[in-house]
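From just these sequences and the hints, can you work out the full model?
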Amino acid sequence: GPAATPTQQAQTGQRTIRIGMVNFTLCCAYFIGMSKAVQEEAAYYGNIEVIVTDANGDAEKMASDIEDVLAKGVDGIIISGGPLEALPAGLEAIKKAGVPVVLVDRKLKGGEYTSWIGPDNYQIGVQDGQYIVNRLGGKGRLVVLRGGPADNSIGLDRTNGMLSVVQKSDIEIIMAPDFGGWSEDGGYKLMENMLAKYDKIDAVFCENDSMCLGAQKAIADAGRSKEMFLCGVDGQKEALKAILDGTNYACTGLNNSDQIGRAGFHRLMAILAGAVPEKDTVLPSPLISPENACRFYNPDSVF
Amino acid sequence: MPMETQDFLQMRGIVKNYDGTQALRGVDFSAALGEVHAIVGENGAGKSTLIRILAGAVHKDRGHIFLDGHAVEIDSPIRARRLGIRAVHQEFSLVPQLTVTENILLGQMPTRRTPFWIDWPAAHERAQAILGNIGFTGIDVRSPVANLSVSHQQMVEIAKAVAESPRILILDEPSAVLSQEELKRLFALIRNLKARPTLILYISHRLDEVFEIADRITVLKDGQLVGTVQPNEVDQNQLIRMMIGRSLEEIYPSRHTQIGEPVLVVQNLRHEGAFHDVSFSLSAGEVVGLFGLVGSGRTQLARCLFGAEPITGGQVLLQGKPFHPRSPRDAVNAGVALLTEDRKRDGLVMECTIRDNASLAVLHRLSRWGVLNRAKQDAQVRAQVEELDIRPPQITRLVRQLSGGNQQKVVLAKWLLSQARVLILDEPTRGVDVGTKAEIYRIINELAGRGVAILLISSELPEVLGMSDRVLVMREGRLVGEFSRAQATEESVLACAAGVQ
Amino acid sequence: MMDQDPKVETTEQFPRQKVLQIGRLLRPMSRRRWVDYSFMAAFVLLLLIAASVSDVFFTQRNVSNLMRQTVTNGLISLGMLVVILSGGIDLSVGSVVALSAILVSGTQQRLPLGLAMLIALGAGVLVGLLNGFLISRFKLAPFIVTLATLGAVRGTVYVYSEVPRVPSNPIFRSVLGGSVGPVPFAALVMAVCFVLVWFFLNRTTAGRAVIAIGGNEEAARLAGIHVSGHILLAYAISGFFAATAGVLLAARLGIAQPSVGAGYELDAIAACVIGGAVLGGGSGGVVGTFGGVLTLGLIDNLLNLFNVQTYYQQIFKGLIILFAVLARRKE
Amino acid sequence: MMDQDPKVETTEQFPRQKVLQIGRLLRPMSRRRWVDYSFMAAFVLLLLIAASVSDVFFTQRNVSNLMRQTVTNGLISLGMLVVILSGGIDLSVGSVVALSAILVSGTQQRLPLGLAMLIALGAGVLVGLLNGFLISRFKLAPFIVTLATLGAVRGTVYVYSEVPRVPSNPIFRSVLGGSVGPVPFAALVMAVCFVLVWFFLNRTTAGRAVIAIGGNEEAARLAGIHVSGHILLAYAISGFFAATAGVLLAARLGIAQPSVGAGYELDAIAACVIGGAVLGGGSGGVVGTFGGVLTLGLIDNLLNLFNVQTYYQQIFKGLIILFAVLARRKE
Ligand SMILES: Nc1ncnc2c1ncn2[C@@H]1O[C@H](COP(=O)(O)OP(=O)(O)OP(=O)(O)O)[C@@H](O)[C@H]1O
Ligand SMILES: Nc1ncnc2c1ncn2[C@@H]1O[C@H](COP(=O)(O)OP(=O)(O)OP(=O)(O)O)[C@@H](O)[C@H]1O
Ligand SMILES: [Mg+2]
Ligand SMILES: [Mg+2]
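Going down the list, the protein sequences come from chains A, B, C and D. All residue numbers for the first sequence refer to my numbering, where the first residue is 15 and numbers rise by one. All residue numbers for the second sequence refer to my numbering, where the first residue is 776 and numbers rise by one. All residue numbers for the third sequence refer to my numbering, where the first residue is 39 and numbers rise by one. All residue numbers for the fourth sequence refer to my numbering, where the first residue is 39 and numbers rise by one.
Derived from the structure by calculation, the hints contain no laboratory data. Be aware that a few hints might be false.
To be verified - Keeping only pairs whose Cα atoms sit at most 20 Å apart, straight-line, the calculated EDC-like set for lysine to aspartate or glutamate is:
(1) B:969 / B:939
(2) C:355 / D:200
(3) D:177 / B:794
(4) A:214 / C:93
(5) C:177 / B:1084
(6) D:177 / B:850
(7) A:121 / D:93
(8) A:123 / D:200
These numbers come from a predicted model, not from an experiment.
Shown next as structure tokens:
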């Protein structure tokens, strides 16, 4: 009959299952949370070994990592591509090895994958955009802080989504000239300079919550918290806290890396068990504002 | 345009100005092919600068150079070389990591087929041959120059300079680090180069050498040409007067020594590979000369006594107490000082000022709770600068900018400031002009008078004989002779050092 | 006949530019002073352009921004300067910044603030001592040693906490992160540190010893200076200032990420070299370094104020750095 | 230890001090050999551990992985070695990798493949020449010059293309990215380059001149060696190999991001130093560098095979690098 699937073999105690969790970067809580989620889920089963790699944001290292875990003979691979646009070499190597690969969060272009689970960054942007337009009543000055670098299409999607709405209104849009590097200090520095430059700002949009938190501090230090509100993306717990506390941190779009990671893991297990799931799955990312923030706030989550 | 005179080399109105100092103020210098032309003068007189200009190492500010009556623009060492001018500079200019062969043939390696493909066998042969020609065999051309002793390195530099039989050969204080026999070889070489004919410019502070080898002697002073004389026209004292403007009644001042308690007692000391079973004692107020041929182990001995090298056997008593310095720091704290033989390598911090260098060994004494007392520091350094007549006398000047001799004086100043009870001087007058030499000798006597015990290591026999109360002789790492002032004569000491009875 | 131009032998012509170059290199006196003037000039020019073109540049807000933005690099550069003067280099500073930032934020939840800061600074000094020990004891290349600790420390930071830590103590942010009048507290700290280091380098035996070691280690050793001890000291100082920068950064941002500080070492080295320090030791100064830090800070600040797009910013920054060292170059 | 410091500016006379040290280092030949043995030993040990513990290490697949993974660093390190030997350092290589990768991918859509590659490599050489020119002509510190070009080139890359470029030409990927039997094509290229550079450094006048300049620039100048010319050459070579690495990288990954290559310079320098090169010039070799490249490649590969937790990986990597230089250390 047909060869036993890895899971069947595992059930009959023949061997343990090995899966590779290949990360483009584990620099920041968002991706760490995703990787951790996979490991935690795997821990529930006694016989699943997860091989975690971190490419430190280097595409070539990531290709190498994939080769390494394949050499280790894994049954399936989960790829958290971070901001990486595409990695044909990696996906081809996996295809050659004939193991299933589940992409989480990032849908790599160019190359075949078994399944993808992630958010719709463009849609998240659109949500924030609508919120901003409504709250400003279609006029005022909006400052946009981007994470960069420019080949990071996650950021591009979010910003473009937001712009697609805001540009229809007559809100003045000001792009910060430099990139914030997705970090607090980056956001802080950018915002400092924007505050120095513009004496009237009504709203701030950041491509992620970390930068937004930094920016919020800069605004507070400038004593202009009353003047403007901020919108971020991700649903980082510090951001949720800020929203709950009723600060000028107005909203963020949920982009729950923990949830994505767990879903990705189970998707892979299903595939290993022989299931044929849908190719692409978009996880809902609702807008989080003071009204619903408490539903999502979890003080002791990683992210 | 052909010159009226026959002189092959003519330098006219040469002016050189380093930021601040006037090194040369319009020097007219000329020399003929086939002569050995010595250039003498005080430290800082401008000798090196003059020949560095001729060798294209530095640029003159004004003046013209004529070769064979043609004006030439020597704007780089390459240019100088193409014109047949090669120099052995005062400063070390070898590449330590490279082999003897490569250093000799630096920039002119023999190539095969293509102009860039090195022919190694040929290269080694050629180097071997060149060394042979200058009568200097017995070193492996394949070994890195770093492995050679300082004097051997110097011979390599000379070989490099004569490699392509130049028309003008410049030797800037070549003898400073050469031993007697190597010096003999050099002179032999000079004589047959002369016959080719070649113009040899010979700079030295050892006047006896100058009188031995030179056909003409040019004297520089304060960047100006005092005059050119024939060796047979003048005697040493006249020449000295030309150099320093006054005459030295005697170079080695006499002193009445009262020798005190033994301060340093060395008992069959050994250092693997350098020396063994060395025993002697050094008393307060005594000047003991340590003579020996190059490589006889004197420097190593000194370094061991100073804690710079491990002692592998025997023991040392300092004022009766056992003394085993594990580092120079121990030695300095115990009142032992060592003036090293190579100022550039381990005497001076070139990028620092005279002030810093002179006070380096006594910083702790010039400070309270680690904070320097600048006033005190400046006062003491200034005093030394004046006593040693260091020029230029601004203590904030970088040592790199000083002439060789003045650099040597800075090293001396450092150890004079340290007020050590035992002072080991390794070749203290290397590269120092006669006037300063006499000055240094006077200071040595003065220190001895104050009860300092002094070990004077030198390869200059007259110096050893002139200064020492006792003379020790080393050969191949052994102490082979001891002479009282009365017994010590040129013949006896040299014979002992060379091992011929 | 001396005055009229002598005819120059024309065989084997030699490239003219080389001639000019050597000529320039050896051009007499005043050159050095001219160099410093030109550096200052370049700097003032930068300021004038700034003032004239951007109306906001001299606003009190922007000036205090500028101050705040130079603090981190300023402190790190100070430590770096000492290490460079000793003849070494310290690549681990960026990781040390992260280490102390995350430690001071993480520990102050349980421990009193003073102790937390002590731990953070202590950790920095410890890393420095480790560097110094490996370098002086085993005679390893500083570059490679600190490169290794760079990675190791960064790893340790993530092991300690892979999530950002929020400093819980309110005083911490309000005081260390706050301002005294228009002047950010951190900027005051930096100013004091600059004075201290200047004093250390110019007026203490240890400082002079460090410089001597950088200039000629053997000579220093033979002058009875405790070389390894002073090398240890130099790296400890570097670690200390990097840690201080980390603490102030955490205070300013109110959050400490484990990933912060990557690449800071290059900015610090750049500041020192722009300020005239020579890698390999011997020469370099506090004032020059301050100039370097300010220059780099200005560049960022201005490029942002003028809305220069990021990539052009990088290009401009490169060019301006070159211009600065060109103006400042010595013979 | 002086001779291990990153003494990037070696315009001053060579201190005799170095002579003695190097003398000591070379005098007892046995010691030197012992050092190399111990290095080899350390290396073999690493391999044995690998073989014994990891079942898959010696599988043909993993070995060819290892080869493929060492190519980029291998090529960059080669160029870096030449620059280090000349007494300099080249921080811009990472950006050059990105430049050539994106150029070869971007231009091959319109131009024939050969021309595209020519452009990419040419660009790399050009950057190298620019570095060399600024360094030799104006006597600037290589560290700061290449740091400036690092930023400037990176910016240029983004200006050329903000988005990743996909190499369109099928041959490009299949050939340059493919394998000859079990051996990756790129690995072959690297092997050839190593041989070439070995010959350059040991058998050509230019190569020896570069080494001489690194050992004692003044001596080289006085010996009539065209110093600036050879420095130019050294940096051009470095630029060329970095560009080659970039082309092969694009071929291997099938995509060229403008952000690729950040931080590669440090790995390359590490490889050279682990291989015994001395920052500041004069000593270092191709064989040693190859050993260094292999060591670093091994570390990454093994840490993955042993499934070492990511953060501990960084720590281990640091420790192993230290261990490597310790084993290789000179007295
Ligand atoms: N690189 C330099 N920078 C500044 N001043 C210098 C430099 N080199 C030499 N000088 C100055 O030029 C003058 C002449 O120096 P030079 O080396 O020619 O003297 P010298 O006759 O060779 O002395 P010595 O016999 O001690 O070698 C000295 O006053 C010295 O201080
Ligand atoms: N720089 C060096 N490198 C290698 N060997 C050296 C070096 N200097 C000296 N030696 C060797 O060490 C031994 C002792 O040399 P040392 O210098 O102590 O003798 P010396 O009598 O002081 O001769 P010198 O007059 O050259 O100082 C000799 O065999 C010498 O060749
Ligand atoms: Mg001289
Ligand atoms: Mg000696």
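Do the hints match the structure? See the list:
Proximity of residue 969 of chain B to residue 939 of chain B is assessed by CA-CA distance (about 15 Å); at most 20 Å being required, the pair is judged to hold. Our distance criterion of 20 Å between C-alpha atoms is met by residue 355 of chain C and residue 200 of chain D, whose separation comes to about 19 Å. A threshold of 20 Å between alpha carbons decides the hint, and for residue 177 of chain D with residue 794 of chain B the separation of about 18 Å falls inside it, so the pair holds. A distance of roughly 15 Å separates the Cα atoms of residue 214 of chain A and residue 93 of chain C; the hinted pair therefore holds under the 20 Å criterion.
About 17 Å separates the Cα atoms of residue 177 of chain C and residue 1084 of chain B, which keeps this hinted pair within 20 Å; it holds. The hinted pair formed by residue 177 of chain D and residue 850 of chain B meets the criterion: a straight-line CA distance of about 18 Å does not exceed 20 Å. The hinted pair formed by residue 121 of chain A and residue 93 of chain D fails the criterion: a straight-line CA distance of about 33 Å is larger than 20 Å. Between the alpha carbons of residue 123 of chain A and residue 200 of chain D the distance comes to roughly 16 Å, so the proposed pair stays at or under 20 Å and holds.
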